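K.L.:
Protein sequences, first through last, are from chains A and B. Quick note: the first sequence uses the numbering used here, first residue 159, plus one each step. Quick note: the second sequence uses the numbering used here, first residue 4, plus one each step.
No lab work stands behind these hints: they were computed from the structure. There could be a bad hint or two in this list.
27 Å max Cα-Cα, derived DSS-like pairs, lysine-lysine [as the list claims (entries may be wrong)]:
#1 A:Lys-223 to B:Lys-406
#2 B:Lys-301 to B:Lys-140
#3 A:Lys-203 to A:Lys-271
#4 A:Lys-428 to B:Lys-406
#5 A:Lys-223 to A:Lys-203
#6 A:Lys-271 to A:Lys-230
Partner residues aside, some chain B positions facing chain A, computed with beta carbon under 7 Å [unchecked claim]:
#7 Gln-233
#8 Gln-234
#9 Ala-376
The model shown is predicted, which means the values in this text are computed figures rather than measured ones. All C-beta atoms in this analysis are idealised placements derived from N, C-alpha and C, irrespective of residue type, glycine included.
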Amino acid sequence: MKQMMNFKITGAIKLNFILAACVSIGLLTSCEDEVYPSAGSIADKTPPSAAFSATQGVGFNDEWKTYSFANKSSSATDFAWDFGDGNSSTDFEPSNVYPGEGTFDVTLTASDKLGVTSTYSEQIVIVEPEAPSTVVPPILEASFEDNSLPDGTGDGRDSWRLSGAGVIQITSSPTYEGSQAAKFPSGGDRQAYQALAVTPNSDYTLTYYYTMKTSPSGGNVTVWILPGEVSEFSAVDTSQAIASFAGTDQSSSNDYVKVDLSFNTGANDKVAILITNELVESRVDNLSISAD
Amino acid sequence: MKYLKCTLLFALIALVSSCEEGYLEPAPKSVISSANYYTTPEQVESAVINIYDGIQGVWDFGMDENRAIQLEYYLTEMRSDNTRTKSSEGEAAQFESYSVEATNGIVANYYQSYYNVIFRANVVLENLGAAGNMAAKFEAEAKFLRAYAYFNLVRLYGDIPLVDCVISPEDKSTAYTRVATTEVYDLIASDLNTAINGLDNSSSYRASKAAAQTLLAKVHLNRGDYLEAQQLCESIVGSGNYVLEANFKDVFYNEGNGEVIFAIGYIGDSDEAQNFSPEWLNAVGRTSGVNYVTNDAKAALDAMGGDRTMYSYRNDVSQTTQNQVAKYIPNGDSALGIVATSTDPQKAGNDWVVLRYADVLLLHVESILAGGASTSSAAALSSFNLIRSRAGLADDADGTITKQELMDERRVELAFENHRLFDLMRMGEAQNVLSAFATSVGVDFSSSDLLLPIPQREINLSNGAMSQNPGY
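Bound conformation, chain A alone:
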């Protein structure tokens, strides 16, 4: 029993010695071979990732030259911005005033405290915003002449047809200008219709010329500006008209009368011109549109 105990003690001492030797060897090799962190450390699973978005300023003066930047980087602590115009910043979300129009490469370098970096670049093209302009739409076959479509074809009224409406007639005399005008017989069963693409909430003036027979009295030739575009005459609703003018000047069947019809397009990116008449044979010629 005693002997066994002795042996055990000796064994334990031996073991300790071996362990100590191993550890010291291990320590020595560690120091010689590599620096921290060594085997057993885990990789950086969240390296920095740089990202941003840029927003141009809005206003009356030079606000358009100012860009503000939203920082969308992750896992980063330090930021270096190069705005591409010679300016730079280390703010988290800086803004920069550019000298003027041009193309600039903006670069954001995001880094963390381990010195790992990520770079993101975006090109911004700076253009001074133009004052909002109003589209002036072309009116096709505006003076009802043959072959006056952009491709050199057309019978003077192709652009004025609407399914379900009576097709207008063409007259060669009297006209306001050129050799043809639109004619609306006394029956009042013909209608000219054409839709135009316009800028919403803008002021326009439609100018046209009309003449009517002197009798019977009490007739009219009316130009309506209608919101939107319809594909069937049955869908036309003149009670919704944005503007209209009823011509009633029957003093001469030869002389044309000029009309300026002004309107605001309101909440419409399309409006339509509708021309109708009642009781009296009437003629219309030379429509034109301008933005006010």
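With the hints as your guide, set chain B onto chain A.
P.N.:
For chain B alone, coordinates are given in the frame of chain A:
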């Protein structure tokens, strides 16, 4: 013997027929379950009312209860330049300092409450078969309310799970998959179009056509579809169903008035009471006072509020360096001629106005401005000047409404009604305005603070499927 044979035969027949009629899954007769409850239009309507009940929320302080709209000011007004806590204490103060934590209980409650509202709406939509000839109206109502819930969530949290049917607890993929905001907006727009077609303007406490049109106009403005927004606003104006109250005070203290398009009703001293407006007073609610008015908002109201100012904020009589919201006062104010809505101010009866006509008129101006710097459109000026004239102010001086003038007018007209933050975000000015404001009050703001964190609980439950918003 013969008798026994007959009995056996009957027994056999009975067994066979039982098997055919769901013998293994008998319908419970002594309890009501969601599977067998909805059989009449009245029962489906009770599920419709249940959606409104979800938005109205529970009179309680427990953060596991449906608190929904009663906590909304924390996430909207107190993250804008309009309000703050009185004493900068607790998690309520994380909002004003733009240091919201993913573990914030208010953030988690709002999220959970509105997904509960969405669940309630989906229950209605799955039981329309029992609604008879009311099916179209109930569908429209449920879809309006679902769109309203999603519109709030998507603006506050960004990409969110899109649940468009009743899902089981096992459907973790739907519950924890974040869907891109564009897809969420597609469902919102589609739901609102259904609502517009199925509703009229007969009630301001239930969904209406105009309420759906107003929300859809905001969705269009968020997406830059200005013309559609303008047409919707003009349709509401053209309906003739709404007018501005002559007196600004009556918008909030004459409940059910003709300016309100959609409101959530509360009844004082009852189980249907609310406890958000007592929280805005000095230690009347559970807090020492939240949603207190910032000096920035006070200065804006003093300079531009006109007749609206005295009914928008008031000095805190028990702490005169502080200012309180004067809309939705629960316990009256004799100097302002405001009557208490309950005897116990903690059980307040003030309705919460979600949408009103003044909002629509200013959205109309915004749609005509169409992202530009200014507009001189007669239609825009007409809407704008209606708002100014009700406030006792002169018409726009130079006939040109600038973007800044519109933002100012919205701020003072709709102050403390949970619009300010969304307005700044929609008009692309949130980063500019809030970083300047944050600097002036000595806190740090960054653009990632515009979105709230996804509640940490959801991220944990998702087992890593849900990612967090940047900056949290």
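K.L.:
Let's test the interface hint: is any C-beta of chain A closer than 7 Å to that of Gln-234 of chain B?
P.N.:
Holds. Min distance 5 Å.
K.L.:
Take the C-alpha atoms of Lys-203 of chain A and Lys-271 of chain A, compute the straight-line distance between them, and say whether it is at most 27 Å.
P.N.:
holds, 14 Å
K.L.:
Take a quick look at whether Lys-301 of chain B and Lys-140 of chain B sit within 27 Å of each other, Cα to Cα.
P.N.:
violated, 43 Å
K.L.:
Tell me if Ala-376 of chain B is really an interface residue toward chain A, meaning its C-beta lies closer than 7 Å to one of theirs.
P.N.:
This interface hint holds because 6 Å falls under the 7 Å limit.
K.L.:
Starting from Lys-428 of chain A, check that the Cα of Lys-406 of chain B is at most 27 Å away, please.
P.N.:
OK: Lys-428 of chain A and Lys-406 of chain B at ~26 Å, within 27 Å.
K.L.:
Are the Cα atoms of Lys-271 of chain A and Lys-230 of chain A separated by 27 Å or less?
P.N.:
Satisfied, since the Cα-Cα distance of roughly 18 Å is no more than 27 Å.
K.L.:
Assess, step by step, whether the Cα of Lys-223 of chain A is no farther than 27 Å from the Cα of Lys-406 of chain B, and give holds or violated.
P.N.:
holds, 18 Å
K.L.:
Can we keep the Gln-233 of chain B interface hint, with Cβ of chain A closer than 7 Å?
P.N.:
Cβ of Gln-233 of chain B sits 4 Å from chain A, so the hint holds.
K.L.:
Straight-line Cα separation of Lys-223 of chain A and Lys-203 of chain A no greater than 27 Å?
P.N.:
violated, 39 Å
In summary, the numbered hints that this structure violates are 2 and 5.
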